[in-house]
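Colleague: What follows is the residue order along each chain.
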Amino acid sequence: MGSRKSGGELVQGTLDMLILTCLARRPEHGFGIAEDVRRRSDEVLRIEEGSLYPALQRLETQGLITSEWGLSDNNRRARYYELTPRGRKQVAVEVSNWRRLVSAIECVIDPEVA
Amino acid sequence: MSWLTQGIIDLKVRVRALFGRRGMRERIAEEMATHIAMREATLIAAGVSPRAAGRQARREFGNVAALRDSASDMWKYGTVERLVQDGRYGMRTLLRAPGFTGTAVLVLSLGIGATATVFTVIDAYLMRPLPVADADRVVRVYSNRFSNTSQRTFEVLRARNTTLEALAAFQMTSVGLRLDREIEHGFGQIVSGNYFPLLGIRPVRGRLLSPADDRPGAPPAVVLAHTFWQRRFAGSETAIGRTIAINDRGFTIVGVAPAGFIGAMAPLASDFWVPLGSDAVLRPALTNDQRLQSLSVHMLGRLKSDASLARAQTDLDTIGRQVRAERGESNRNAAVSVYPAGMLHTELERPLTAFMAVLMVVVVLALLIVCVNVANLVLARATSRQVELAIRQAIGAGRGRLIRQLLTENFLLALGGAIGGLLVALWLTRLLTAIPMSAPLPLAVDLSIDLRVVAVLLAAAVFVTLACGAAPALTASRVDLVRALKGASGGDLRHGRTRVAFLVVQVAMSVLLLVTAALFIRASNAAQSIDAGFDASHVLTASFDLEARGYTAETGPAFLDSLSERLNGAPGIVSSNAVDILPLTLSNDASYFLRRGEVPPTDGRSVTPIVYMNAVGPGHFRTLQIAMTSGRDFTIHDTARAPHVAIVNELLAQTFWPGQQAVGQVLAIADRPGESIEIVGVVRDSKYVTLGEDPRPFLYRPLAQHHTPRPTLLVRAAGAPLSVFSTLQAAVRDLDPGLPVYGATSMTDATAISILPVKIAGRLLAALGGLAVVLSALGTFGVLSFLVRSRSRELAIRLALGASPVALARMVVRQALGWTAIGASIGIAMTLAVTHLLASFLYGVNPRDPLAFAGVTALIASVACAAAFVPARRASRQDSLVTLRDA
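Note that the protein sequences, when read in sequence, are chains A and F. Just so it is clear: in the first sequence, position 26 is 26 by the numbering used here, and no numbers are missing. Just so it is clear: in the second sequence, position 661 is 775 by the numbering used here, and no numbers are missing.
Each hint should be verified, as a subset may be incorrect.
To be verified - Derived Cβ-Cβ restraints for the label pairs, each shown as a range:
| # | chain 1 | residue 1 | chain 2 | residue 2 | range |
| --- | --- | --- | --- | --- | --- |
| 1 | F | G201 | A | D42 | 30 to 36 Å |
| 2 | F | G161 | A | S103 | 52 to 58 Å |
| 3 | F | M205 | A | D42 | 54 to 60 Å |
| 4 | F | A179 | A | D42 | 48 to 54 Å |
| 5 | A | E43 | F | G514 | 54 to 60 Å |
| 6 | A | S103 | F | A179 | 40 to 46 Å |
| 7 | F | G161 | A | K89 | 30 to 36 Å |
| 8 | A | E43 | F | G176 | 43 to 49 Å |
| 9 | F | G176 | A | S96 | 46 to 52 Å |
| 10 | F | M205 | A | S96 | 50 to 56 Å |
| 11 | F | M205 | A | S103 | 56 to 62 Å |
| 12 | F | V568 | A | R88 | 48 to 54 Å |
As the list claims (entries may be wrong) - Far from chain F, some chain A residues (derived; all Cβ distances over 12 Å):
| # | residue |
| --- | --- |
| 13 | L56 |
| 14 | S67 |
| 15 | V108 |
For the record, the hints were derived by calculation from the structure and aren't laboratory data. Just so it is clear, CB atoms sit at the ideal spot from N, CA and C, and this is done for glycine as well.
Please put together the full structure from these sequences, using the hints given.
Modeller: Written out as structure tokens, the structure is:
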């Protein structure tokens, strides 16, 4: 019953942030989130389905997102996820944390070397 | 706020998930199917063929079932679910082994039930506070260490103290009550006016007594106890305002005390409360001085909010010493003692605490034995479940999970035991309350099972779970997968050693319990065969309260004389007389005496030993059939005005006047050297206070010269003692129809109280010891079967090599006896260390009584042999070929 590894190249916190920022734009279903991240990152980032659904359930139990059934563009029944007010606040926090981290890392990496 | 909302959301979704798990799994499965379908559609749109697109989409997604599980795992309270799962699984496993489960639950019920019962008794007597407001601020105040206080001293303490909010006085009083025509005897309390205000309790009807009721000339008021109100008035409202005759004086019922309040003299229960001031109404025959002198009181105080117990102690003791000094007394010891108020008189509380502690230790020991046994059974089962455990481990259960599973099973067993224990405790406490108390006093003990007892039961269950479960769970979960699955069952010597250690401990404890039980049983037999020195059979006893009817030191003896005269002529009655103290009821009275010419030493003692005494009417030695060796019995002419006389026992005669005639000698009580008492007779020694006592110097005085307000009548009947009760009642009614007779019983029953504790202890220990023996037999059997099974290969080889089956059987039995011997030696050592502490309860039985020790050892040894029989036979009868091939 040990905890399962999150899988993929993404660390868990990053995955949560990607899902949350994606949902910050509009409510989306699981496949849409995966596609959105893939497209926006120019096919660099790929969310594995094996991590996506557990992550969605986890975020929902944390009260950051809610979900309900809806219809997709081509009339398929799909589960749409949406940020809660708490989730919206969390996005801001996570994004600003991430930016701080990235700029800090940038400062460490010598631009000459790059 | 946010943590709260979060908590609520969390709880909501999780609870929904817990109960709607199927729905949750379906939802996730559907989402995943949608995901795959969308992917497939995208691939087809990108030009992949439909079949290949479906395959690719599914391949990319991975194992749907596993993902669905891990996604829905996010939703559950894992612990709770696993617990429920473990519980269900455990229940099934236990039900599959009904023999094991039944035995374990049964013995656990007995062990836990006994513990809960003893706790209930301790709780009732020692742990419950007085049922009053802020009981922790209430204190008991005594003169000296545990003595009553004169009313004068009480008034001084009340007036001068600075640490108490209030100081109240109370005393038991015995009266004749008349409601309609019938007169009955009752016990009540006479209390100072501030008694109820101090306790801060509320009446259920009417009002309680107040200081106004205590003023001289106030109309006599009485508050009824709840039980008395229920019994005599069926709880009717109309009782309030009615008049009840107490000692033939009318008292108005002003209120009813709350249920459960029996006064501050528990376990003595009060029927009613009257104000201290009404003593003048109750005992009109006495002068004010006589009343104040004859009614000493108990005291209760309530500490001021800024006062501690220690400060109150210093404060009151200082006042007590001042009083002493004012009276010209000199005594270095404490004048006043203050204790926190429990239910009981503080002096009773201490020996009772000790007794209860011993009892508690005994039952906890018994519970431990039970645990050890159940642990042994669990271990035996774990051994045979090794394959199952190995399989569970092989398919991924962690060791923690296995331990949890085994502990859950044990907890279920313990819970069953706790429920059974509750039933046992309910039954035992009912049995205890039903024990007839032969004391002529109203005892009320509330032995109801309350929440605290239930809490103790649950604590016991948890304790049992850990005690029985931990060791087996740890050992059993250390499974050697490969060996266990290959079928090499057992053989693990670690198991063997734990179990042998259990067995040894248990044999030791059985020996301890059984030897102690044997000693107590021998003691109670010895007590029954002790010659009391008088013949109690055919003797009826009954008591009167002469004072309550207004008899005085002059009129009381005259009444008793005419009663005896009337009875002695009645058919079926051999002889009768009144006494101050009924022998062998633990009551006693004693003084130092001076011989002629002896001066009292300064410390108030004397060179001769203390003398116990009793006051008896003429005919006492005939009634109890105590032989007179010289001199004469008392007669009706030994009145208060006649010269003071006494009869002594042989031991006193020899001690005080060695080698001389005692008759004709003169004694004086050490405090009153002026009053000489002439010895007129000598009687054989007998037992006076308890059956176990050593012979003691004893002195009898005529009842007429040493008046008692509450005498007991002894009537020797020709036939059964109770057969003459109606004759006695008729005689009393003829002489004084208003005098109630109470506490009528045979003298054998009345005196049984002196050996009651030993009898009860003996039976209780015997029952526990019996249980322990059965358990250790079970244990021996279990361990041996296990060892024989795990050594089957070795035994088979021995057989194959030519060992005789008998030799093998003997080897098994020898092993059992070896362990038993170790256990028994430890047990005997423990017992020897303990039993000498019990010597005073043993009525002369040697605490190292060889018969008890040898008997118990023999019993334990034969039980071990019997328990070894089946495993030994199995060892000697096995088919070596089959064993060796299978192994």
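Colleague: If a hint holds in the structure, say so; if it does not, say that too.
Modeller: Hint check:
no. : hint                         : verdict
1   : F:G201 to A:D42: 30 to 36 Å  : violated (53 Å)
2   : F:G161 to A:S103: 52 to 58 Å : violated (42 Å)
3   : F:M205 to A:D42: 54 to 60 Å  : holds (57 Å)
4   : F:A179 to A:D42: 48 to 54 Å  : violated (33 Å)
5   : A:E43 to F:G514: 54 to 60 Å  : violated (43 Å)
6   : A:S103 to F:A179: 40 to 46 Å : holds (43 Å)
7   : F:G161 to A:K89: 30 to 36 Å  : violated (43 Å)
8   : A:E43 to F:G176: 43 to 49 Å  : violated (20 Å)
9   : F:G176 to A:S96: 46 to 52 Å  : violated (34 Å)
10  : F:M205 to A:S96: 50 to 56 Å  : holds (53 Å)
11  : F:M205 to A:S103: 56 to 62 Å : holds (59 Å)
12  : F:V568 to A:R88: 48 to 54 Å  : holds (50 Å)
13  : L56                          : violated (8 Å)
14  : S67                          : violated (9 Å)
15  : V108                         : holds (35 Å)
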